[in-house]
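Chain B: place on chain A using the hints.
For the record, the sequence lines run as chains A and B. Be aware that the first sequence starts at 99, since it is given in this note's numbering, and climbs by one per residue. Be aware that the second sequence starts at -8, since it is given in this note's numbering, and climbs by one per residue.
Okay, derived cross-link-like pairs now, DSSO-like style, lysine-lysine, Cα gap no bigger than 30 Å in a straight line:
| hint | chain 1 | residue 1 | chain 2 | residue 2 |
| --- | --- | --- | --- | --- |
| 1 | A | Lys256 | B | Lys61 |
| 2 | A | Lys256 | B | Lys249 |
| 3 | A | Lys262 | B | Lys249 |
| 4 | A | Lys186 | B | Lys249 |
| 5 | B | Lys249 | B | Lys61 |
| 6 | B | Lys61 | A | Lys262 |
Source of the hints: derived by calculation from the structure; they are not laboratory data. Just so you know, these numbers come straight off a predicted model, no measurement behind them.
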Amino acid sequence: VTDQSTSMPAPSSSATAGPASSGAGASRFKGAGNYVALIPFHAYVGLFLVLPTLIVTFGAFQTSDGQFTLDNLRAMFTTDVFIDSFAKSIQLGVITALIGAVFGALLAWAVVRGDPNGLLRQFVIAASGVLAQFGGVMLAFAFLATFGFNGLVTLFVKNSLGMKDLDVSWIYSMAGLTVVYSYFQIPLMLIVFLPSLDGLRQEWYDASASLGGGSWSFWRHVGGPILAPSFLGALLLLFTNAFSAYATAQALISQGCVLVTQQIACQMQSEVVIGQENVGKALALGMIVIVSAVMAVYALIQRRASRWVK
Amino acid sequence: MSFTGELGAAAPEGGALVARPKGAGKGNRAPASQRAVRIAVLFVVLGYLIVPLFAMLEFSTRGDVDPVTKQATRSLQSYAAIFDHPNLIDGIVTSLQIAALTVIGMLILLVPTMVWTVVRVPRMRRVVEFLCLLPLAIPAIVIVVGIAPIYRFMGQHLGAFGASALTLAFIDIILVLPYSYRAIDSSLRSIDTATLADAARSLGAGWPRTIFQVIVPNIRGGILSASVLAIALVLGEYTISSLLSFNTVQVVILLLGKRDAFVSVAVSLLALVFAFVLLFAISRFAPGADRRTERTAEEPA
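The following block holds chain A by itself, in its conformation from the complex:
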């Protein structure tokens, strides 16, 4: 980009300074040049994002030597472990999205009610940013330090409450994943939902109150309906977030291929059955289809949400 935009000779461009001074024909000619400056960006995204996506998409329909086949997709739809991994990922996504959305929205409400320039608000937002977006493997260690074999809570229950034979294996199961995933879903909900709550105007509270409405009727008739699209959209976003996550699950359950993301990793790393080299790509394509569908609904809801909450 830099090359394109900087290599333009200064004298000639200063001769046509400002869009107002250039005629229609000249601007059409310059128009082409303007687009040239965007080529490096598009080329880069094309090479490192679009091309990999295309490789996955076409690879899902190919044998290892490039012949067209539907066997990869057939394997995805008929093999129990693959169906099971999709089911578990979707289940985890739905449950933690609901938990995250409800508690995250409550937390956002509690934070919004405070001083908008206060330390609490800035502290919670910065912490949420870290936990929601950059935690990954580290969050798994946080929970091992809490509920693991030698974890803080485990030792407390064992030593202080006297339950010597406490079973800590749940943290390595779906239940454990649910607890740990909620830990990054709640902060994500806070970050996503806070601006919508900020959009609720004081005038609306006042209008509701002046008509005799209490807190309940405000949320029932004004706040709720206005926030509903944002809440629903956030719910979908949280689902795709959990559905796509890999690092935390892998750090917690390193053996076995439980979730679909782990299953894809297993397909990449292990010696796969002859003739199934590209099944991993089929699974990846399955993920793309699910996430894109959810994001498309999200975009529709978003358009409606932005009508009131700006």
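Chain B only, in chain A's frame:
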């Protein structure tokens, strides 16, 4: 297609922080019952978020059991032990190098492109925005599957650099696009970029000068936020490095955790705190934050 609105908030600096409502202190008028609910929510939900972090601190500061009193002691030996693991130090250094490359590459790729779309080709703004937010719709694990052949090619044909972990910066730039885009975009929207560019150009400045000496200084806040988000993302990145077999800090932490969980928890906590300090600092001190607050306040109700 616009899944942009709420995602904007995903960039801490560009989103939630910016929109500070004018109804300051409206909580003061709240009835006592509401205040009680608020305190309860803060206590329960924040408690859930804080306990594991506190557990990390407690876990990583455990010392040996005192032979005389049989009491557990506190020590920083797990933190000191970080330096006993050369592969961990290597991982940290590698990740920091990738972070530096990612920041530089992201800024070179994004800043001129975004300024250019605002000033010269506004109709392309939606396209660039769409491409920048696209990584949110394509899971990292899917990108790895598709990019593995490209990396195999780079490793075979681009010499020592093509096979080094530093090439991860290429993907990390893609992963950070949504966050960086929103941060820089909110800065660009807070100034009248087009007028500024016209003014500079009418005074005889060429495009390089217009972008780097006139516009860039005015979007420092957004550039700073974008850079901080990139650093935080790279330091926390695991999926792609592990599946492409590069030993970044997260990969080493997880490997090490199987033998010495205490050191891994110590490093994890340090990394989380480091990321938090960065994000908290930009939210409080990023230049330009005040200006955007004004803009928000001017918006018609």
